[in-house]
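Number of protein chains: 2
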Amino acid sequence: MKVKNLQKLDTFREQHSKLVESEMTNAIQKIKSPAMLKEAMIYSVQAGGKRIRPILLLATIEAFGKDPKAGVSSACAVEMIHTYSLIHDDLPAMDDDDLRRGRPTNHKVYGEAMAILAGDALLTYSFQLISQDPKLEADKKIKLIQLLSTSSGPEGMVGGQVADMKGENSTLSLEELEYIHLHKTGELLSFSVIAGAIIVGASQHDIRKLKDFAYHIGLCFQIQDDILDLEGNEQLLGKPVGSDVSRHKSTYPSLLTIEGAKKKLAYHYDNALTVLHEVDCNPALLEQIAELIVKRDH
Amino acid sequence: MKVKNLQKLDTFREQHSKLVESEMTNAIQKIKSPAMLKEAMIYSVQAGGKRIRPILLLATIEAFGKDPKAGVSSACAVEMIHTYSLIHDDLPAMDDDDLRRGRPTNHKVYGEAMAILAGDALLTYSFQLISQDPKLEADKKIKLIQLLSTSSGPEGMVGGQVADMKGENSTLSLEELEYIHLHKTGELLSFSVIAGAIIVGASQHDIRKLKDFAYHIGLCFQIQDDILDLEGNEQLLGKPVGSDVSRHKSTYPSLLTIEGAKKKLAYHYDNALTVLHEVDCNPALLEQIAELIVKRDH
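So the sequence lines, in the order shown, correspond to chains A and B. What the first sequence shows, in my numbering, is residues 1 to 298, in sequence order. What the second sequence shows, in my numbering, is residues 1 to 298, in sequence order.
Don't take each hint at face value.
Repeated chains share a single entry, so a pair holds when one copy, or any two copies, can fit it.
As the list claims (entries may be wrong) - The list that follows gives simulated cross-link-like pairs (lysine-lysine, DSS-like), each with its CA atoms no further than 27 angstroms apart: (1) K263 <-> K69; (2) K143 <-> K8; (3) K69 <-> K143; (4) K143 <-> K295; (5) K166 <-> K108; (6) K264 <-> K66; (7) K211 <-> K30; (8) K166 <-> K32; (9) K30 <-> K143; (10) K249 <-> K32; (11) K108 <-> K69; (12) K211 <-> K8; (13) K262 <-> K30; (14) K211 <-> K32; (15) K135 <-> K239.
Honestly, the hints are just simulated from the structure, not real lab data. No experiment lies behind these values; they were computed from the predicted model shown.
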């Protein structure tokens, strides 16, 4: 795997991450609700992160030669859903984390009750954002909302969370491990790519291929996560290496060995690029995102 | 205020409560997700209750001479959102209730983490249900989803919850009290009436009048709740009388005296009926629902 020049993606990411961050903040600031609720919502959407979901969505629109701005409400929506899931995940009843990306978690700052409500508000507001987008046609909005609710609800992310919780401290089969990852993280990554395709009005053929692309990069994302937990640099990762092992978590390396996991990563990366080239679009940015997912060091 | 014959409403309620309950259960059973998550979701949607929101929605459709079945997905959606709000409300970090309608609360049976996720799943799934309704046109679905997200999110129910939480143990002004109730309970009652009107394609005039009707019955609902807390029958209520007083909660009687609260109830009831009669529909069922809200003993 040859490392390509990621310069174009870097510029695109920087510019569009800022756009999505300011749009999320502006949208929340305009909400008519108690100030403390908005503060708690903004605290977590401004907590940084890779913004991989909104970038994937906007890059897909760009790949079809359209203006990425058409996807801003959907990009904010998927990032708000990702953010709400982190707030609820960090709660004492769930993972009980005090820190997230080096900052105190939402409930540590605003209390548990407010953190639950800020999560509920972000989740609900994401659907409001898409539904009231003045630029999208009603039938596209419905497709986006149907896909977003399926990807993030009991058939998607929340289902994956439950499976993950049930699988803790037990050795999973590869099939169970993939179910968890495809649902817990894969579904929202997949939403992001397909949402971009829906917004530009891509063909059914292209949507099918992009779904496959998203499937493969979703698995790459998780396999690389597992590899970094063993081989990564603690300072870059911002968390201790080997934490999966010490928590007896089933991972790709634990089920397949580190070599097996790397082979699987290469397999899904190759497949992602192959199906991407069958889509009638300019694949440059999406290729670079796939590369970034596979080669990232944190 | 003369007590009318509620027989027609009784039959309608019984029949349509059963319909909504079985549709909610069937819809959840069909979800592809871990069985335990579905069990936790079904446990709470089957916990009974007055089903006032779905009945209001379906009765509004009936009032316009259309088949209430056209509103079943929206009726299930609003009841699922009401249900999720109760699950999250009951959590230890919020009201910390062990019992709801005489049964152990969701987190007492399934644990806190699952209760948080079951609530998240019900909230998300309610949007999925409307978005995938095969009988509604896309523009109506978008109007319903926009209204449901606004009514239940930070500008609606969740905003009301936060205001309620912040107002605990302090004496509120009448304005603050009304803000809390209009948002915490009023918005979803209002959604129910307007959703029915959207589904039948009612005129803007009728929607405006129905919004006023919903505003007045929403306040009646809460004022009667406060009166029952002082004058109700413990056995019928299923909770101790006087609990608002012992928790130092601001209520209509505490701010206006019991006589003042009853006058305010009569005022909003009269207004509700007046605006209802300005709507081009058969008001019988909606009149009876208003009467039920005002005269109920639990």
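Hint-by-hint comparison with the structure:
1. In this assembly of identical chains, K263 and K69 lie within 27 angstroms of each other by CA distance neither inside one copy nor across copies; the values are 37 angstroms within and 54 angstroms between.
2. With identical chains, the CA atoms of K143 and K8 are never at most 27 angstroms apart, being 30 angstroms at best within one copy and 39 angstroms at best between copies.
3. In this homomeric assembly, K69 and K143 come within 27 angstroms of each other (Cα to Cα) both inside a single copy, at 18 angstroms, and across copies, at 23 angstroms.
4. For the homomeric pair K143 and K295, neither the shortest alpha-carbon distance inside one copy (33 angstroms) nor that between copies (44 angstroms) is at most 27 angstroms.
5. Within a single copy, K166 and K108 get their C-alpha atoms as close as 26 angstroms, and across copies as close as 17 angstroms, so both meet the 27 angstroms cut-off.
6. Taking CA atoms no more than 27 angstroms apart as the test, K264 paired with K66 passes in neither setting, with 34 angstroms inside one copy and 57 angstroms between copies.
7. In this homomeric assembly, K211 and K30 come within 27 angstroms of each other (Cα to Cα) only across copies, at 23 angstroms, whereas the closest approach inside a single copy is 34 angstroms.
8. When the C-alpha separation of K166 and K32 is checked against a cutoff of 27 angstroms, the pair qualifies only between copies, where the shortest distance is 16 angstroms, while the shortest distance within a copy is 39 angstroms.
9. Taking identical chains as interchangeable, the C-alpha atoms of K30 and K143 lie at most 27 angstroms apart whether they share a chain (26 angstroms) or sit on different chains (20 angstroms).
10. Only between protomers do K249 and K32 lie at most 27 angstroms apart by alpha-carbon distance; the minimum there is 24 angstroms, versus 43 angstroms within a single protomer.
11. In this assembly of identical chains, K108 and K69 lie within 27 angstroms of each other by CA distance neither inside one copy nor across copies; the values are 35 angstroms within and 46 angstroms between.
12. With identical chains, the CA atoms of K211 and K8 are at most 27 angstroms apart within one copy only, with a shortest distance of 24 angstroms there and 51 angstroms across copies.
13. For the homomeric pair K262 and K30, neither the shortest alpha-carbon distance inside one copy (46 angstroms) nor that between copies (37 angstroms) is at most 27 angstroms.
14. Taking the shortest alpha-carbon separations for K211 and K32, only the inter-copy value of 19 angstroms comes in at or below 27 angstroms, while the best intra-copy value is 37 angstroms.
15. Neither within a single protomer nor between protomers do K135 and K239 lie at most 27 angstroms apart by alpha-carbon distance, with minima of 41 angstroms and 50 angstroms respectively.
In terms of the numbered hints stated before, the structure departs from hints 1, 2, 4, 6, 11, 13, 15, listed from lowest to highest.
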